[in-house]
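*Asks:* Keeping their order, the protein sequence lines are chains A and B. In terms of our numbering, the first sequence opens at residue 478 and continues consecutively. In terms of our numbering, the second sequence opens at residue 112 and continues consecutively.
No lab work stands behind these hints: they were computed from the structure. Even glycine gets a Cβ: it sits at the ideal position worked out from N, Cα and C. Incorrect hints may have been included.
Distance ranges between label pairs, derived from CB positions [unchecked claim]:
# : chain 1 : residue 1 : chain 2 : residue 2 : range
1 : B       : 657       : A       : 801       : 22 to 30 Å
2 : A       : 664       : B       : 515       : 35 to 43 Å
3 : A       : 738       : B       : 592       : 44 to 52 Å
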Amino acid sequence: MWWRSASFIRDRQNQNPNPNPKPSSLLHSALDDPPSPTSTSMAALNPNPNPNPISAYYQTRAEHHAVVTSDWLAQSVEAAAGDVAASVGAAAGASKAEGGGVGVIEEFNYWRKKPDLAEAVAAIMALGAVIRSSEATTMNELDIELKKASNNLKSWDTTSISLSAACDLFIRYVTRTSALEYEDFDAAKRRLIERAEKFGEISLKARKTIAMLSQDFISDGCTILVHGYSRVVLEVLKMAASDKKLFRVLCTEGRPDRTGLRFSKELAALGIPVKLLIDSAVAYAMDEVDMVFVGADGVVESGGIINMMGTYQVALVAHSMNKPVYVAAESFKFARLYPLDQKDLEPALRPIEFGVPIPSGVEVETSARDYTPPQYLTLLFTDLGVLTPSVVSDELIQLYV
Amino acid sequence: MDLRRPNRPVIGPKVRQVGFITPDSGSATASTSIPAVAAAATAAGSPPSSLSPVMIPPPRHPSTEMSNPHYHPIGSYNPSEQILGSPPALSPSRSSRFDADGSDFGGDDDESVALSGVGGGMTPKSSLLMRQPVTKTAPPVSETTKRDSNVSKGKAAGPSAAPKEKLTRAERRAAQEAQRAAKAAAKEAAAAGGAPSVSKQPKPATKPTNQQKKDGASGSGPLQPLAPSGSIEKKQGKKEVAAPHPRMQFDDMTKVGKLKKRAVVNQSEARNRVELFRHLPQYEHGTQLPDLESKFFQLDPIHPSVYQVGLQFLSDKISGGNARCIAMLLAFKEVIQDYTTPPEKTLTRDLGAKVGSCVSFLIECRPLSVSMGNAIRFLKNRISSLPHNLSDKEAKSRLQSDIDRFINEKIIIASKAIVEHGVSKIRDGDVLLTYGSPSVVESIFAYAHGIKKNFRVVVVDSRPKHEGQGLLRRLVERGIHCTYTHINAVSYVMHEVTRVFLGASSVLSNGTVYSRVGTACVAMVAHAFRVPVLVCCEAYKFHERVQLDSICSNELGDPDAISKVSGRKDLNYLDGWAQNENLQLLNLKYDATPSDYVSVLVTEQGMLPPTSVPVIIREYGIERLWT
Numbered sequence: 478m479w480w481r482s483a484s485f486i487r488d489r490q491n492q493n494p495n496p497n498p499k500p501s502s503l504l505h506s507a508l509d510d511p512p513s514p515t516s517t518s519m520a521a522l523n524p525n526p527n528p529n530p531i532s533a534y535y536q537t538r539a540e541h542h543a544v545v546t547s548d549w550l551a552q553s554v555e556a557a558a559g560d561v562a563a564s565v566g567a568a569a570g571a572s573k574a575e576g577g578g579v580g581v582i583e584e585f586n587y588w589r590k591k592p593d594l595a596e597a598v599a600a601i602m603a604l605g606a607v608i609r610s611s612e613a614t615t616m617n618e619l620d621i622e623l624k625k626a627s628n629n630l631k632s633w634d635t636t637s638i639s640l641s642a643a644c645d646l647f648i649r650y651v652t653r654t655s656a657l658e659y660e661d662f663d664a665a666k667r668r669l670i671e672r673a674e675k676f677g678e679i680s681l682k683a684r685k686t687i688a689m690l691s692q693d694f695i696s697d698g699c700t701i702l703v704h705g706y707s708r709v710v711l712e713v714l715k716m717a718a719s720d721k722k723l724f725r726v727l728c729t730e731g732r733p734d735r736t737g738l739r740f741s742k743e744l745a746a747l748g749i750p751v752k753l754l755i756d757s758a759v760a761y762a763m764d765e766v767d768m769v770f771v772g773a774d775g776v777v778e779s780g781g782i783i784n785m786m787g788t789y790q791v792a793l794v795a796h797s798m799n800k801p802v803y804v805a806a807e808s809f810k811f812a813r814l815y816p817l818d819q820k821d822l823e824p825a826l827r828p829i830e831f832g833v834p835i836p837s838g839v840e841v842e843t844s845a846r847d848y849t850p851p852q853y854l855t856l857l858f859t860d861l862g863v864l865t866p867s868v869v870s871d872e873l874i875q876l877y878v
Numbered sequence: 112m113d114l115r116r117p118n119r120p121v122i123g124p125k126v127r128q129v130g131f132i133t134p135d136s137g138s139a140t141a142s143t144s145i146p147a148v149a150a151a152a153t154a155a156g157s158p159p160s161s162l163s164p165v166m167i168p169p170p171r172h173p174s175t176e177m178s179n180p181h182y183h184p185i186g187s188y189n190p191s192e193q194i195l196g197s198p199p200a201l202s203p204s205r206s207s208r209f210d211a212d213g214s215d216f217g218g219d220d221d222e223s224v225a226l227s228g229v230g231g232g233m234t235p236k237s238s239l240l241m242r243q244p245v246t247k248t249a250p251p252v253s254e255t256t257k258r259d260s261n262v263s264k265g266k267a268a269g270p271s272a273a274p275k276e277k278l279t280r281a282e283r284r285a286a287q288e289a290q291r292a293a294k295a296a297a298k299e300a301a302a303a304g305g306a307p308s309v310s311k312q313p314k315p316a317t318k319p320t321n322q323q324k325k326d327g328a329s330g331s332g333p334l335q336p337l338a339p340s341g342s343i344e345k346k347q348g349k350k351e352v353a354a355p356h357p358r359m360q361f362d363d364m365t366k367v368g369k370l371k372k373r374a375v376v377n378q379s380e381a382r383n384r385v386e387l388f389r390h391l392p393q394y395e396h397g398t399q400l401p402d403l404e405s406k407f408f409q410l411d412p413i414h415p416s417v418y419q420v421g422l423q424f425l426s427d428k429i430s431g432g433n434a435r436c437i438a439m440l441l442a443f444k445e446v447i448q449d450y451t452t453p454p455e456k457t458l459t460r461d462l463g464a465k466v467g468s469c470v471s472f473l474i475e476c477r478p479l480s481v482s483m484g485n486a487i488r489f490l491k492n493r494i495s496s497l498p499h500n501l502s503d504k505e506a507k508s509r510l511q512s513d514i515d516r517f518i519n520e521k522i523i524i525a526s527k528a529i530v531e532h533g534v535s536k537i538r539d540g541d542v543l544l545t546y547g548s549p550s551v552v553e554s555i556f557a558y559a560h561g562i563k564k565n566f567r568v569v570v571v572d573s574r575p576k577h578e579g580q581g582l583l584r585r586l587v588e589r590g591i592h593c594t595y596t597h598i599n600a601v602s603y604v605m606h607e608v609t610r611v612f613l614g615a616s617s618v619l620s621n622g623t624v625y626s627r628v629g630t631a632c633v634a635m636v637a638h639a640f641r642v643p644v645l646v647c648c649e650a651y652k653f654h655e656r657v658q659l660d661s662i663c664s665n666e667l668g669d670p671d672a673i674s675k676v677s678g679r680k681d682l683n684y685l686d687g688w689a690q691n692e693n694l695q696l697l698n699l700k701y702d703a704t705p706s707d708y709v710s711v712l713v714t715e716q717g718m719l720p721p722t723s724v725p726v727i728i729r730e731y732g733i734e735r736l737w738t
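The shape of chain A in the complex, shown without the other chains (with noise of 0.2 Å):
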């Protein structure tokens, strides 16, 4: 049956009998499906799937930021973490193999641990344990157990781009290189290490390159409206301010978790003169800003980036009033996605609370991140260098093709 236009999936789900508690679930039905008998299976090979609607990506983000809204995220972390522990006990008694899966999960938990360290970077370390602890004896084995161990850490979380991304970037980059064909495997797995460790390395560093490349934009009485919580952000205005730099901060609130209260404390810890906006106060407070400073979930191939709900509306709005839309960023954050527009994306839901009881049949946005295309950006700060939006595929492509 054919409506007169694209909206009748959301009439379709208003008259849906049987009411959703996951609006776009019709959209994307294969992701977020409640884990059914028959993928209890799946259960041993994630160890994280996940038993609510909130996703993965969420869960972590607020763990990282130490936001807690409810006791949700209490009960799906014990929920995890119970998945794990069987899923530690069925491997016991699997293959070899397995067991190498289940390492990865184990060294990217530790690393996972320590609270500076991006998610995406705690998976690199971990794939990079894994090609030293590996047993493999020929290149393919090794290959072969890489791709296991980074389809399981991807599968930890489905919808964080810059952990699938980063393992995706690993693996080009550790296993691309001609000269291997011509060693022993000895000499190639310890090439292979040294590249690894180099990458991690790189990805360790990432900030404090980003954040000395972009001093340069930062001048002395310039106003910087900054939202969502970033840690690349807050490095590099950190940077700044040590180096006695005079400007001001403009946070936004960044509903619903308050990431913006929480990177409003880190800035005036640093004595950096900071004023909070609630969310919808960015185009009231736009022509004193002489710079957007946001930092992304992923960077996607069209040069757009994918960050926390807001940032396109942020970003729209200083388009508008010709202000420059400065990235942060860190380069294994480079995914290889083209979304075309809003909903082109895998969603990641968030819990979102409104204080008071929400009436009964009203649908809740829960969606926690944006598309920015990239012609509202103005330039990306990476540890690549300072980029134009369109040099992000040109890298990838080189990456990748």
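Fit chain B to the supplied structure of chain A, relying on the hints for placement.
*Replies:* What follows is chain B alone, placed relative to chain A:
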């Protein structure tokens, strides 16, 4: 995230240097260029937070690397030099890569000279070089075009010649002012003396500026010798970097006369052509076919298969970029099959010339498309790179398998890859719009329908070719729900569309999409309605030329096709008016869509923004194929 592109071994490390990195200039400069404080800081291995933002990181060098093991340079994911075991001074830097590219382009120019010897060549030309012959040797050109070309020449010459000029801008301007003043004075004197008619007044007014522009162009010396006359160019060695050949301009009467003498196909030109498009060939349709058929047994040098393909082009039996390219390559395959090297000649040279004559015959039948130009360039490359010690048989079989591989990898497999990428952007419930009858888009729709995606198609069509009807028929036969409309209604249907899929004849390096006329209109309407526009195009259709409008390079169709409406006998207002001098009919075949209106290019290399075309050309162009 899935790997959308096939894995390919990457041969060498690519060093990308960004940020504050100074060029590799050896250890001597390195030790002096680093500020002593920073060097001390890095040597002590202090945490990077103490790095001052103005510090210039030392160049990559083994000695400095060893002295501070904690230091890591900013850079792309490059395999580091010490890992690959080669000294950094020898590592291919970005600049050396550009050098390699430069020589590649030089070789490419050679090819194109041979290719476009007769006309309608496909190589990139600066507008200056295109225009120069016109202004020099074209007495019958009308005043307006002359002025126009002069203006463009002046504009083009200005910036490119600027660095070579000894005069400063101010001095030049002063000279021009003086000239202008002198002219004005002369004019006034003439006006005082004689009695000029009023109608002639505008002419002297424009003349001085013309003169100045010309002076400016001739003053910019270094460009002058570049304007090639045919004989000089032929004398130049093949290996030398020849000046680019000017594209054939059909408003140049002497050139056209020469061309006619050589031409196999006897064509009479249409009389009333639109002013702006006089540089493009336009022939009266329907006259060539019987003439060619009568010549069939006299045409000795043209191979029958090429002849057949040429006739099919002429009568529009084969149309569409891929179909024409495949037909041409298959014909060339037969030419190679039947080829025997004449005595005292070498295969590489003689076969190249033979293919060249076939190409010029095809050009006479219909101008080449960019995709065909690229395919010919590839074939000529292969012919000229054949080793000399090969026997005829081996060489021929090698060339034939090369052609097969080209068709297979660059066209057939590529379109399959495009289909996979394109389908990933079709969601259930989408309304997809397409224009004309692009073959790749058709297979995307067919495949998406095959995997049970739930979508609807709007086929937009236009006069006079009605290509969309064929597409519509095939889609409806498959059971896809379709809407058919003409381009006049595109703004009406656009509001319900969620994706626009378009094909392309070629994609140029500034991202401009050169495609069937009307495509630009559809893309602009889609952009205005904020509907994503996906252009599906194989990478072998990419070209390094830059084009800003649809005027410089285009193809003119039969003007009768737009003056007559089939099936409407009563609409006869234009009958017999084609010879009227006041009536000019314009039937353009292509137009250029600016890259702003294109959301994504779907190629076999993946989905790319239109800004990435030069990257693909640079990394995986035709020249880089199997070298």
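*Asks:* What hints, given by number in increasing order, does this structure fail?
*Replies:* none
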